[in-house]
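Please model the entire structure based on the sequences and the hints provided.
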Amino acid sequence: MGAWIAIAVTVAGCYAVKLLGLSVPAAVLERPLVRRLAALVPIAALAALIALQTFADGRTLVVDARAAGLAAAAVALLLRAPFLVTVAAAVAVTAAVRALTG
Amino acid sequence: MRDALGVGAAVGLSGFAFGVTSAGAGMTLAQTCVLSLLVFTGASQFALVGALGAGGAPLAAAAGALLLGVRNAFYGLRLSQMLGLPAAVRPLAAQWVIDETSAVALAQPDRRLARLGFTVTGVTLYAGWNITTLLGALGAEALGDPAAWGLDVAGPAVFLALLLPMIRDRSSAAPPARAGATPAPGRGEAGTATARPIRAAALRHEVAVAVLAVLLALACVPFLPAGVPVLVAVLAAPAVLAVAALRSRSAARRERTAAERAEEA
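If you read the sequences in order, they're chains A and B.
The C-terminal residue of the first sequence carries number 102 in UniProt numbering, and the numbering is unbroken.
The C-terminal residue of the second sequence carries number 265 in UniProt numbering, and the numbering is unbroken.
None of these hints come from the bench; they were simulated from the model.
This structure is a prediction, so every number in the text was calculated from the model and none was measured.
Yeah, the Cβ is synthetic: ideal placement off N, Cα and C, and Gly gets one too.
Be aware that one or more of the hints could be misleading.
DEER-style ranges, computed between Cβ atoms [what the hints assert, rightly or not]:
| no. | chain 1 | residue 1 | chain 2 | residue 2 | range |
| --- | --- | --- | --- | --- | --- |
| 1 | A | Ala8 | B | Gly55 | 13 to 21 Å |
| 2 | B | Gly144 | A | Ala26 | 47 to 55 Å |
| 3 | B | Ala88 | A | Pro25 | 13 to 21 Å |
| 4 | A | Val75 | B | Glu141 | 28 to 36 Å |
| 5 | A | Arg59 | B | Ala245 | 33 to 41 Å |
Structure (structure tokens):
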């Protein structure tokens with residue numbers, strides 16, 4: 001049930017945000033501070049999510065096979081690999097490290 | 001048109017990864033598919049199932065997902081000027097306002113092509129994303145434990161592919177000119193030389209925000225329930241802007257006193 005509530009809120013919220021952008025007059029969102037914040041908030045959220053989903057295990061911090069997978073993704077991105085290769089590299093390295101370390 | 005199809009084809013893997021990740025996070029098939037059908041913005045979906053899978057409270061998880069969706073409002077703003085949509089079409093078009101459609105539409109030279117690019121990308125992505133989500137969710141059952149296949153790292157890898165271009169090109173408020181790999185359109189578009197000093201300063205903010213957000217999030221993990229650390233970490237954005245504003249103000253004051261002193265001398 002909790003999951004459905006979260007889904008409903010996300011559905012409504014994400015749609016509202018999209019429609020808002022198409023509907024409001026440009027001046028409202030074009031203020032420099034608002035623009036800067038809107039550029040930086042996703043950066044903060046993405047960076048935090050990467051760290052959390054890689055190093056958090058419940059309420060403890062761990063370095064495990066996920067870190068190796070993320071490192072592989074970073075290397076792939078720095079080498080300008082396509083998106084598919086990047087995600088595939090992360091997944092494959094994580095699986096390989098898990099298989100090797102059991 | 002070719003842009004649109006290329007982007008549509010490339011999105012397949014992330015849709016599949018989302019299906020698998022979502023199933024691995026304990027969402028039912030129906031929940032997974034409803035997310036892709038009705039939310040239809042990948043990063044938010046990954047964030048939501050990641051937070052719920054980690055045991056996050058529903059509203060905290062949804063709040064984290066919404067924060068990632070905010071950028072779509074700014075895409076919409078630029079798209080509405082470019083596409084000039086009649087009011088009746090807007091509620092329908094809104095669902096397709098995402099990274100990839102914006103990148104393709106805004107890269108077109110005129111309104112007709114922009115509308116075509118937006119529509120073709122929207123249709124292709126919507127179909128592709130939902131079909132691959134379904135396949136991923138069904139496949140997850142056949143695969144068994146997604147962690148054994150390393151699929152739990154697909155989410156972070158997708159986020160990283162989104163994040164790096166934002167830091168490198170400052171393209172997060174304005175969608176990049178051209179769609180490269182999805183869902184990180186405009187990867188590696190180099191900045192123009194004219195804007196370099198401004199860009200360099202702004203870029204420092206981006207890196208500072210990312211680093212501070214990581215530190216805040218990890219520091220919160222032992223103390224806060226799942227889903228909440230990301231909300232705390234987002235405060236890095238206003239914090240960095242506030243510090244930057246203070247510093248530029250004091251720098252201006254220093255310059256002024258230096259100028260006054262030079263005048264006296």
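Structure-based check of all given hints:
{"no.": "1", "hint": "A:Ala8 to B:Gly55: 13 to 21 Å", "in the structure": "holds (19 Å)"}
{"no.": "2", "hint": "B:Gly144 to A:Ala26: 47 to 55 Å", "in the structure": "holds (50 Å)"}
{"no.": "3", "hint": "B:Ala88 to A:Pro25: 13 to 21 Å", "in the structure": "holds (18 Å)"}
{"no.": "4", "hint": "A:Val75 to B:Glu141: 28 to 36 Å", "in the structure": "holds (32 Å)"}
{"no.": "5", "hint": "A:Arg59 to B:Ala245: 33 to 41 Å", "in the structure": "holds (35 Å)"}
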